[in-house]
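Residue numbers (the working numbering), protein chains in the order written: chain A, 1 to 333; chain B, 334 to 625; chain C, 626 to 864.
In case anyone wonders, no lab produced these hints; they're calculated from the structure. Certain hints may be false.
[Said to hold, decoys possible] Over 12 Å on every C-beta distance to chain C, these chain A residues come out as not near it, computed from the model: (1) 17; (2) 142; (3) 146; (4) 180; (5) 181; (6) 185; (7) 201; (8) 266; (9) 285.
[Claimed, not checked] In silico DSS-like pairs for lysine-lysine, Cα to Cα no more than 25 Å straight-line: (10) A:174 to C:780; (11) A:174 to C:734; (12) C:632 to C:644; (13) C:804 to A:12.
[Said to hold, decoys possible] Computed spacing ranges between beta-carbons, pair by pair: (14) B:420 to A:143: 44 to 50 Å; (15) A:141 to B:606: 39 to 45 Å; (16) B:393 to A:288: 31 to 37 Å; (17) B:421 to A:141: 52 to 58 Å; (18) A:36 to B:393: 51 to 57 Å; (19) C:716 to A:112: 19 to 25 Å; (20) A:277 to C:735: 34 to 40 Å; (21) A:103 to C:716: 49 to 55 Å; (22) C:762 to A:177: 28 to 34 Å.
Here a beta-carbon is modelled for each residue, glycine too, at the ideal position from N, C-alpha and C.
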Amino acid sequence: MDMRRGLIRFGKGFGLLLIALLAVFPFLVPDPYFLHMAILFLLWVVLGASWNLLGGYGGQVSFGHAAFFGVGAYTSSLLFTKAGILPWLGMILGGIGGVIIAIPIGFICFRLRGPFFALSMLALSESLRLVALNWRSLTEGAVGILLPPLFKSKIPYYYIILAVAAITLIVIYKVVDSKLGFYLVAIREDQDAAESLGIDTTTYKVLALLISAFFTGMAGSFYANYMAYIDPSIVFSIVDISIAMILVAVRGGVGTLLGPGVGALVIVVLSEVFRTLFAAANLIIYGILIILVILFMPEGVVGGLKRYLAPRLPKEALHPEAVRAQASGEGPN
Amino acid sequence: MEWSILFQTLIAGIMVGGLYGLIGMGMAINFGVLRIINLAQGELLMVGMYVCYWLFTLYKLDPLLSPLITVPFLFLLGVTIHRFLLTPLMRARAPAENQILLTVGVGLVLTNLALLMFTANYRSVSTSYSTELISLGNLSVSLPLTLAFAFALAISGSLYLFLTKTELGKAIRATAQDPEAALLMGVNVDRVSVITFGIGAALEGAAGSLLIIVYYLFPALGGIFTLKAFIVVVLGGLGSTIGALLGGLTLGIAESLGAVYVSTGYKDAIGFIIFVLVLIFRPAGLVGRARM
Amino acid sequence: MLLEVRKLTKYFGGLGAVKEVDLHIEEGEIVGLIGPNGAGKTTLFNLITGFYRPTSGTIRFLGEDIVGLKPHDICQRGITRTFQVVKPLSKMTVLENVMVGAFSRVISKEEARQAALQELEFTGLLPKKDLLARSLTLEERKRLELTRALATRPKLILLDEVVAGLNPRETEETIAIIKKLSNRGISATAAVEHVMRVIMSISHRIIVLHYGEKIAEGPPQEVARDPKVIDAYLGESYA
Chain A
1 MDMRRGLIRF GKGFGLLLIA LLAVFPFLVP DPYFLHMAIL FLLWVVLGAS
51 WNLLGGYGGQ VSFGHAAFFG VGAYTSSLLF TKAGILPWLG MILGGIGGVI
101 IAIPIGFICF RLRGPFFALS MLALSESLRL VALNWRSLTE GAVGILLPPL
151 FKSKIPYYYI ILAVAAITLI VIYKVVDSKL GFYLVAIRED QDAAESLGID
201 TTTYKVLALL ISAFFTGMAG SFYANYMAYI DPSIVFSIVD ISIAMILVAV
251 RGGVGTLLGP GVGALVIVVL SEVFRTLFAA ANLIIYGILI ILVILFMPEG
301 VVGGLKRYLA PRLPKEALHP EAVRAQASGE GPN
Chain B
334 MEWSILFQTL IAGIMVGGLY GLIGMGMAIN FGVLRIINLA QGELLMVGMY
384 VCYWLFTLYK LDPLLSPLIT VPFLFLLGVT IHRFLLTPLM RARAPAENQI
434 LLTVGVGLVL TNLALLMFTA NYRSVSTSYS TELISLGNLS VSLPLTLAFA
484 FALAISGSLY LFLTKTELGK AIRATAQDPE AALLMGVNVD RVSVITFGIG
534 AALEGAAGSL LIIVYYLFPA LGGIFTLKAF IVVVLGGLGS TIGALLGGLT
584 LGIAESLGAV YVSTGYKDAI GFIIFVLVLI FRPAGLVGRA RM
Chain C
626 MLLEVRKLTK YFGGLGAVKE VDLHIEEGEI VGLIGPNGAG KTTLFNLITG
676 FYRPTSGTIR FLGEDIVGLK PHDICQRGIT RTFQVVKPLS KMTVLENVMV
726 GAFSRVISKE EARQAALQEL EFTGLLPKKD LLARSLTLEE RKRLELTRAL
776 ATRPKLILLD EVVAGLNPRE TEETIAIIKK LSNRGISATA AVEHVMRVIM
826 SISHRIIVLH YGEKIAEGPP QEVARDPKVI DAYLGESYA
């Protein structure tokens, strides 16, 4: 607990410094390439933190958050090109689009235990990709949608995504620090115990999903306008969005506040490095990296650090029966 | 409505469904015993198909004979993946999502290795019977599809016999039902787990040999079939191999009806609709609680 | 009457785990539920707390039918439980574990904290409050589970094998806590496998289950002499 408080306090101090640095970043580094990297970094912070609330804290692992990302991207883009609604409002509506998709899937899957949710999300995002691909009259299909960018300069985009990231992190921090946060962790740790303590596990899981879907949808909307082009295979991508989101959260450390920041930095820098260094073999290296991270750093950078810092537990303190019970009780419920 | 078209569609659906069932069985048996979903299942299928493709192209080996090679090859590949990647994770009692994520990594590596080695070109084999049709009155069915279906059923039947009649098969079923009880009964659960993963992969090898005579081959095919296998497994009730066959038939029929009567583009979305309906109304799968 | 169970029956396939059990619990009453392994005690608890749905029969709590409610609903109404195989929230501290229970009645973190601290004081776990739950001994885990359950402010608490595996001193301490519950107006039903003197000494009433059926009920001394009970334990006299 002290360790954790200490880490949170460290996180806060570090965070303040980071915020100051981020606020003036475009003036320190006006180079568009680095600004682009910084924008992607912030985007991934939003995505990683959103996934982490549900998957890290709540233990409800999703393999298809691209569903919300893609719906957010298409919602704001279509509203912009067809109805002239500006992306400012479109971004909020994109988030709401994600939420609307999330409600039924949450209520259907969270009644069930086992890997249903994780994999239903995968199937959902694939199906939405097919819809976006085939509903040509609305989405232009595989051709995609070209958007008139709102700004020529990258600086306004930088500040927009900085604001979105700040809001996301504040909201998620508040959530984690509240009754909802306690309940999510309780559900992750033991669903039966949580139920017996008066926690409506289905409702709280859905609640976390909705928050997660909202910010993911918003990020999708931002991405669409910033890149000025979307197509189904980009925004509903399993590998580039869904799996990458898990990696950002897992690499950073599942269920930690600082994690997504670290994870986002790693993923943005690494994918850049890979693209330039390995070209065609890029995705092979990416796959190998996933395997290595899972094998050697299962708790992520922040989680690993925490474990390293935490005092070692004396082994004999663990009663063998309790250890067995704990071991057999682990895994997502 | 033309009845002959309906029949034709149903028959095609059932035959494709038999293949889907075989593909799903590999995933089902893995889930039954290891309690993880292997998201590289379709990629293993893809590897099997490439092996088959090259055997045919270089050595003129008929795809229907190629299981003699693809099955042991994929078995070894599966055992290797289990031994070096999954075993350490399971020893560390890593959460299931880490194991699933690991299989995603394996899938990515396999797909992109294939892309690098064989390019993104679509490939297919053309055998002497590739374009043959069997005619029954108004109905005509493609011969390769019929052959593939018959082989798929034969392989499914052998798997069933293996699981119910042999010592090893019984050990696998015991482990699927209750690993701790199996352990107490003297089953070497670790060994069973490795062998099961090998069998799961080997089934994809067999399925690959059959799929290649009716379908074309490209590196990204793995992802598509992983998803299909997953839907099949959920339809059949997670972990049930017989269920997987029924799930495969259901998906095959639904897709082929959808393609004819709705639109080809939405064919795959139809699988998902059934999937959602099953989750809502029959979460234990179409056949209920039956396990293996 | 606090809890009234009538003709409660649960079949798993063809196997009757609980058969036509009637039971009632009064406010502030401590009831010992005794039965050999497999007698249906845990199943009965699972039925009352909503983890299982009964095959037939009724369960009324404070006059209301609670069959079909989810465990969390039942907890909100005032029945909670502990588990035979303890379920600590391993990666949370002891205090946080208890706060999770307390949140069922309050919203703010501070209120939950205060309520949790009170309960930790009551059960004597306060000195361990900042330890991670997974670093506790079995006895402490059982105690934690009891504390956490108490934090939900139950009117009735079902304790599943709350003293199993504890040494005599630990057992005494736990029994003392259960005894104090009665003073707070909380009813407790403690399921135990053996006819133990400790349970006999604090229970107002004993109910004996055997193969899913209630075979005896009454004051401790009477039940202990009941030939059917002695039979069920194959002549094992209570130690």
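Q | Those earlier numbered hints the structure runs against, lowest number first | A | Violated: hints 4, 5, 6, 7, 10, 13, 15, 17, 20 and 21.
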